[in-house]
Every structure is written in structure tokens, then in C-alpha cells.
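Protein chains in written order, with the working numbering: chain A, 815 to 1563; chain B, 89 to 296.
Read the hints as simulated data drawn from the structure, not as lab findings.
This structure is a prediction, so every number in the text was calculated from the model and none was measured.
Glycine is no exception: its CB is placed at the ideal position from the N, C-alpha and C atoms.
It cannot be assumed that every hint is accurate.
To be verified - Reference listing, derived: stretches of chain B covered by chain A, where coverage requires no fewer than 3 residues with Cβ under 8 Å from a Cβ of chain A:
| hint | stretch |
| --- | --- |
| 1 | 148 to 158 |
| 2 | 183 to 197 |
| 3 | 212 to 223 |
| 4 | 238 to 246 |
| 5 | 282 to 292 |
Stated by the list, open to error - Across the chosen pairs, the derived CB separations fall in these ranges:
| hint | chain 1 | residue 1 | chain 2 | residue 2 | range |
| --- | --- | --- | --- | --- | --- |
| 6 | A | Thr1034 | B | Leu263 | 35 to 41 Å |
| 7 | B | Gly197 | A | Gly1069 | 44 to 50 Å |
| 8 | B | Gln150 | A | Glu945 | 35 to 41 Å |
| 9 | A | Gly1006 | B | Asp175 | 48 to 54 Å |
| 10 | B | Gln150 | A | Gly1069 | 38 to 44 Å |
| 11 | A | Phe1250 | B | Lys292 | 37 to 43 Å |
Single-letter residue listing:
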Amino acid sequence: MTQADRNEPRRRNASKLFYGTEPFVDDLPAQGDWHGGTVRSRIAHGRLIRLKFSPEFDWSQVVVVTAADIPGKNLVVCHEEDQPSLCDGTIRHYGEPLALIAAPDGELLHKALRAVEPVVEPLPAVFDPFESLKGETRIFGKDNLFLEIPISKGHAAKQFASCDVVVETNHFTPAQEHAYLETQGMRATLEGNGVRIEGSMQCPYYLVAGVARLLGIPETDVRVSAMQTGGGFGGKEDFPTMLAGHAALLARKCGRPVRMIYSRSEDMAATTKRHPAWIRRKTGLSRAGQFLAMELDVVLDGGAYATLSPFVLSRAALHAVGPYRCDHVSICARAVATNHPPNGGFRGFGCPQVHFATETHIEACAEKLGVDPVELRRMNLMKPGDAMPFGQLLGPGTYPGVVLDEALHRSRFEERRAEIEAKNRTSERRTDSGDFEKRGIGLAMFMHGTGLNAYWEKSVRSRVRLAATAEGQVCVLTAQAEFGQGTLTALAKIAAESIGLADSDILIDHPDTALVPDSGPTVASRTVSIVGSLIHEAASRLRQHIEERAGLAAIYDPRRLKAAIASCVSGGDSMVFEAEYSPTDDTDDANTWAPPNAYPAYALGCCVAEVKIDTLTGEIGVVDVHMICDAGAVVCHRLATNQVFGGAVQGIGWALTEKLAWNESGGMRNASLSDYAIPSAADVPEIHAHFLDDQHSERYRYPIGLGELPMEGPGPAIANAVAMATGRRPRRLPISPEWIVCSQGPEES
Amino acid sequence: MRDNVTDPNAASRRDFLRGSSVAAATAVLTQTAQVGMDEAAAEALATQQISAQSGTISVTLQVNGKALKTEIEPRSTLLDVLRHRLDVTGPKRVCDRGSCGACTVILDGQAVYSCTTLAISSQGKTIRTLESFDTGEGGVPHAFHQNDGLMCGYCTPGFVTACQALLEKNPNPTLEEVKKGLDGNICRCGTYVGVIQAALDAAKAIKV
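Whole structure, please, built from the sequences with the hints as guidance.
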């Protein structure tokens, strides 16, 4: 830890969390709330004929809401208008909400939920996206295709003929459960003509739009307050819109506050997952190792409703080639409907999937050519000014090669690889437990464009506001939620530094839509990069105002500045300053999913992982991880380091232990934290986080998103390390002990 | 139910999951929980002469130094009663089946999962939650604060409590003992590095 780290402001609400006094939604006092629950489908596809209410239960004690009670549009507001809030007659996935019940207490609610029996007529279900594309079972539109994104550069098909070597591989990456420790939870209260929502969420304004549409009331009658949120990772991006709608419907019907808190098993079975991905990669190379032509097919299982699938697909397609140069590329990316519960956003948002394919494929290419995979990467990495397949040029100061070199240096990759090779060759060493151990070291590059893609970032029109108080302090008003990243701390620090006030003179709290402007969703690693830059802009307006009023000297001393702000407020100035996002260049309005200037900047990373494998039991342990991140300026080193640790741990889980099992109805079978194993303290190796931060380069003057980046490296790095240890290349995740011990042949089919 | 905090040599959560198939693990967990409930419930019901069929009983729990009385169903877990009847919301409900540690409380000096402990079997015992811990510079919460031992904060009460129990039993834990002692708790944000350092620092601070 450097001196700078020690001087950084502490996490804003940390003490309250350590002493248990910061409330999460289910910690709110009872206040006469009724408890809401959901009647769900137990089949994957079919017609809902009716709901059978047991005559043995006294239904006068509770309220029931069905689709018929919805005053507005029966819709979960997202991009496509395909997902009903409550079943509209057709059931399209296991766990689909059919009806809602609210009861005065939890025990009675459970009795009521058990006393409802859906009468259904099952239809054939399809769980495999390739089967689904045949269109025999109709789920979405005419062809079950949520979206197809073709990206083409040069003439890939023709170019393959002139390549010396062509390598083709297939890859699969699995669904992943967010497992945020706080389950989805929401409270709705009737307020005036409208409704007030409090709860666990990432995007307060999504809920405003969703609840207003569902209830058929103006958005001004919906007030949403995000509370401290116990983890999100993308899982509380779109789903809370549905839950807030449900709580609001129940509150309206019973005329009381209603809180809906999912149980763990309900949360795991009914909410979104990371998209499973099938990726075919074909690369033509010259004898020397230059990438000459590439063909990529990406298929995502979107589940039964579109939700965020088009957005995830867009990011996957735009990052499919990774940080590599190739003049002839053909990409076909498709998001397909199946009868699984909808998949949605999850940290990385399509990038972990494509980077896994790219970084394990490159190793196969190197093997075929007989060259060092590190050298093959170096030869093909982009430099500033190189064009990506969709036309964007890599920006100034963006050097993937520097990130690679830093990773090799810090991890002593080449030395360590040589040592391991020698040891693996000469002996099968006995471990303490008497079993045999082999080691491997692997590396992976990754990249992440910051913010929503240019088209969508423009359409959000994010606004932030700074408002001064009579004491000369400044309130930072944004819609950004706090769910562990340190949003409040980082945005306050940006404001303090941009304005020139002490950190303690910045006021910021969880967003409440009655008070804050819509600065967009808390997603896409956009909080410190996009919203932070707007705060900076608004701050410069505030400084300009003070300079005009009190002179230049006032703005260079925090105490004088504070006094000057206070005197402006008492003098009657409107001390409110806003900034609105405007794109720096003209974006192509017609190209929603692959705009030519897709992202304002790209964060880069390289992960080196060392694994040990017990060749008798197949147990895989990660012993050492180096994470090199180049994400522009780092706002708070402590928070950023924690993000890198956390992303790496989630990546390790995705690579090794987190395996989803499906039941015959396409629902999650292992929907508990004892059956779905996320990493514990004992699984976590030494993780070394390092940030590139060259103060002399323009690139490091502003932050580029970091939140998602670190999740994207460990999967492929671990797979490459396992390949070194075992001599067999994992083509799918998670890599199981069974695969280590049982599989035959050099590659998994 | 959960004693790996107090015995560094005992099997940790992860050892347990590794050592048995997942299905078997679940069966064992469920069985253990039920056996615990049956004995405790039988005893309480025998002494209070109450029908096991339905209804509520009156219990008094010693929570953070206060005797708190409430009416509960005999099957209620300690976690439910703390959170919903006594408004002690520090312990969190996360997995609800004894595998994540977010609901950890200290019962007669032992760290236990309150989600798989019956409230009626906790009568007459000392129950401590993080609301009662030392908030000064020598306390465990302060060490967590100094080491950024949290991100979203939902696992935090459980980690702080498990750490407190660990240090009360073993004031000089090694790194391995800390890892093992806290292995009954999980954090999805992955803040283990800070948590482990916090435990080591807290051990030092307590001695000062």
C-alpha cells in the first residue's frame, strides 16, 4: 500500500456496515408491511388454463393479483416488449410468475402460496439454442432469434485459401449465477396518487419507467429510492424492474406497504444468469504467425425473453476478436430464445465468453504453428490507430503490448514457465497428501469498452447535478447505486477534487429519484468514467461561477472556496450546476448494435494464473494470480484493488467450481449455496493487482471503466494453465476434476 | 452446528463440500439440522407442556445483554426470531441452510449459524450479535474498517462475528488458522484479502 492509498478517503458508509446499522431493504422495521410472494410455473412451456385456489384456505385473509388486475400494460419494460409482468396465458419458462399473493405475515403467505395450483397444458419445450433455431417450437417472433449481429471486414472467406495454416476450435462457456448475497428485495408503499419503491437495485430510473407503465400512471408519480444493495454484478440491472412492479401491484391491491424478499432458492431458480455461449473460432495464419483471416460464430442462449440479450450480444460481437489485428474478419453473433429462464447482464456482459474462446484458441494456433503463444500474441496485438473489425480505430495511448510486457515482467512468466516445465517433465512430485501434483501457468489478454455502446450512451442523455448548501458544502446528485463498488466514495472523491473542496464537504447518498436527475443505469463500468466525467464538467461550472463572484484566489483554497460557496448561497445565487452527456463525435444513428465508434475508450488487462493439479483426484487449485489492468486514471486505489480481487475471485469460480445443473423443466436444479459452490476464503490464492498509470500520458488523465474488466481474465488464463499441466486443452468451463481424471485424448469434444 | 471457528483442525465448509458428493452433502446437512431441531424441540415442549401441532409459545432470549421476550412458533429459527420478532437485523439471511455464514451469531461463546439453530433451544444461553461488539480502535469492526474488509457489506456482519468468535477462542491465529476459521463464511464480492488481514490485525489490536 502506498502513501497515496493510505491518504485516500475511506469507504463512505463503511462504519455503518461494520456495526450493522446501515439498513438493507429487509432490515427496515416491520411498519405493518404485508409480505408478498409469487406463484410460479413448474413447467417450461405451455398454456396456463387457470389457477386452482384450494377451498380449504381462507382467501379473505390475503390478496391475490393476476394479470387481470394490471391497470396499465402487462409488461416488464426493457428493450423488446416481449416479457409480461405476470403470465399472459402462455408459460415460456420454469419459474415464470403466474400470480402474486400478499399476506399480513410470512407464515400465512407460505400457506397461501401452497394452496394455489396452476392448471396447465404443457407444450414441447426447447433448451438447446441450435434446436431452437430450427423453429419447431415457437418462443419469440418467427424464428426464435432475438438478434443477429453480422460484422464483416475485408474478405475472410476468400482469404482462408491463401493462409499457410488454418485452425478451427469450438468453445463453450456456461451459465453463471450472480449469487449476490442479498437476494432480490423490494418494498412498495402507496404515496399520494402514486407509489414509492425502496429496495435493492442498480438502476433506479429503470424502475420508474417500469412501474409507471405497469400501473398506467405518470412517471412523476413513481418515486424510487435505492437502498444499500448487497451485491449486484448485473443481476440487479433489469430484474428489479419486474419485482418493483409486482410489489407495487400488491400494495395497490391491499392498500398497505408490501415487501417482497426472495428466498435464496427462489432467487436462484427465477432470476437471470450469465448467458451460456457456444463459440466457433476459425483463424488463418501465415507461416510466420500473422493473423490473416478470422471467422467467428457466437451463439448465446438468451432464455425465454429478450431482456438484456441484445445488449450482451452487441458487446460480445464488438469484443469477439479481442485486442488483435486482422484485416479479414467475419463475425456472426446470434442471441437465441429457449425455454430456460431469461439470461441477463452479468459483470463482463458477453466479454468473458468471447475472451475465453479467443485466448484458448490462440494457444491452439500457436501449438499448430509450433511457436510460443506469447510471441504469437505479441506479433498480432493492436497498436493505437489499428482498426477493429467494425471500423473503430484503437485510441491514442492504448497499448495492449505494454500490458502484456508488464504482466510477463511482474509474474516472471517465462522463468516460472521454464521451471514448471522442467519439474513436470522430470518427476511427478509427491504432495503432502501422497498424491501426484502437476503445475501449469497460463496467460490471457482481455479488453473492455467503457460505458454503454455509443448509440445507447447517447440515447440515455445522462444528467448529473451539483447543489450547494448554505454551509458551503456541495451535494452530488446522481442516480448511481451503491452495491459494493464504492460508488458513493469514488464519485464524492471526483467531486471533491474537481471542485477543490475537502472530501468531508461533499455530501452524497443512495439515489432517490425524487431528488436526483437520471444519470443513467449503474452498469457497464460507466460510473466513474461516464458519470464521473459529468461531475467533473458540472464542477468546472461551479468553479467558474465562484471565480466570477469571488475571484481566482477563492477557488484554490478549500476553506476560502467553501466560504465563497456559502456566501453565494446566502446571497441568493442559484447554486445548482448540471452537466449532460454529449458524445464527442457523431455516432451513426442507424447502427444500434455495432456503431463504428462503439466505445469512447477501452480498458485493457492481462491475467497470469498458476495452477496445481492433483492428477490422482483431479483437484485443481489456483495458487497465484497476477492481474495487470490498464483502466486509465485510478480514482481510489483501495476500491479499485478490491474490484480487481473480487473480479478475479468470480472468474476463478466461473472457471472451476460454479456449475449450474438444470432440471427437466429447464430450471436451476442446484438452487442453493450448498449445491452451487462459489469460492470461499480457502479457494482464494495470492492475487497481485497492478494498475498501469503513466502520469505523463493523456490516457491516464481520466478513468476508463474498471468494474467488469477483472472478471474477464482468469477463465482463459486458468484454462491455459490447466492445458500446460495436463497436456489437454479445456474447451469448456467449468473445468471439473472429473474432466482432469476421466477424459481421454488431447482435446475435449 | 458450526464449530470450525473454534477448532482450527475441524473440517471447513470447503473441505466438507470437497470430501463428499454434493447430493450427499445436502443430505447430511439436512439430517444434521433435523436431528438438532428434534432434540431441542422435544425438550422445550416437554418442559412447557405445549402441543406440537400448532400455535405459538413464549420464549425469553438473552440477546446482547438484554432479556427479550416474544411469542414464536416452536419451529422458528434463531435468525427468524432475531430479525423478525426482536428487530436485531445485524445477522443476515443469505443461504438459509447453514452454508454461507452471514447469519453467524455467538451462542455461549460458540459461533453458530442462526439460520439452522432453533430459537427455543437458544433459551438460557448468551446470544451475542455484532451490534454488541467493541466499537473502539481495539475492536474487530475497526480492524475491518482499516483493511477495507468489505464491498457490498452483506456478508460483513457474519465475517465480523466469526472473526470475533475466532479471536476469543484463539487470540494468536496463524494465517492458515484464520483462513480455516473464516471458511464457514462466503463473500461474493471476493473481499477475502481484506477480511483475512483484518482478522490478523484485530488479533494484534486486542493484545495491545
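Going down the list of hints, with the structure as the test:
{"no.": "1", "hint": "148 to 158", "verdict": "violated (count 0)"}
{"no.": "2", "hint": "183 to 197", "verdict": "holds (count 7)"}
{"no.": "3", "hint": "212 to 223", "verdict": "holds (count 5)"}
{"no.": "4", "hint": "238 to 246", "verdict": "holds (count 8)"}
{"no.": "5", "hint": "282 to 292", "verdict": "holds (count 3)"}
{"no.": "6", "hint": "A:Thr1034 x B:Leu263: 35 to 41 Å", "verdict": "56 Å, violated"}
{"no.": "7", "hint": "B:Gly197 x A:Gly1069: 44 to 50 Å", "verdict": "47 Å, holds"}
{"no.": "8", "hint": "B:Gln150 x A:Glu945: 35 to 41 Å", "verdict": "60 Å, violated"}
{"no.": "9", "hint": "A:Gly1006 x B:Asp175: 48 to 54 Å", "verdict": "29 Å, violated"}
{"no.": "10", "hint": "B:Gln150 x A:Gly1069: 38 to 44 Å", "verdict": "39 Å, holds"}
{"no.": "11", "hint": "A:Phe1250 x B:Lys292: 37 to 43 Å", "verdict": "39 Å, holds"}
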